[in-house]
Amino acid sequence: MRLRFLPEAIADLVAVRDHVATYRPDSAGPLVDRLIDRVRLLAEHPEAGERLPRLGPGIRRLTAAPYLILYRIEAEEVRIVRILHGARRVTRRLLPPG
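Numbering (the numbering used here), first residue to last: 95 to 192.
Check the hints yourself; a few may be wrong.
Have a look at the derived ranges for each label pair, beta carbon to beta carbon [stated by the list, open to error]:
hint	residue 1	residue 2	range
1	A105	R128	17 to 27 Å
2	A105	P147	34 to 44 Å
3	P119	R145	30 to 40 Å
4	D120	A159	15 to 25 Å
5	P160	T185	30 to 40 Å
6	M95	P191	32 to 42 Å
7	A169	E102	14 to 24 Å
These aren't lab readings, by the way, just hints derived from the structure by calculation.
Since the structure is predicted, the reported quantities are computational estimates derived from the model, not experimental observations.
The beta carbon of each residue, even a glycine, is placed where N, CA and C say it ideally should be.
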């Protein structure tokens with residue numbers, strides 16, 4: 095299945111990289127690589143993540159501790175919606191429309 099990062103998810107990855115690079119420059123790149131590797135799993139196993147109906151229809155969560163990868167399956171595409179730190183309270187308002 096095809097993977098597509100929504101702009102918000104790309105911004106999240108950049109923010110993760112920049113934040114971690116401030117404190118541990120050598121860890122920022124490998125962390126982003128690990129998150130992307132976890133997303134790639136969804137191409138073969140799109141239903142691997144837990145359903146989160148409280149966040150909206152079709153929203154799923156895959157954990158890449160301590161981060162949460164929020165996504166939805168649409169037709170033949172897995173859309174990566176957000177990548178957020180697990181300590182953050184995730185609500186519908188953090189998700190892009192649609």
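Problem set entry | Violations among the numbered hints, reported as their numbers in ascending order | 2, 5 and 6
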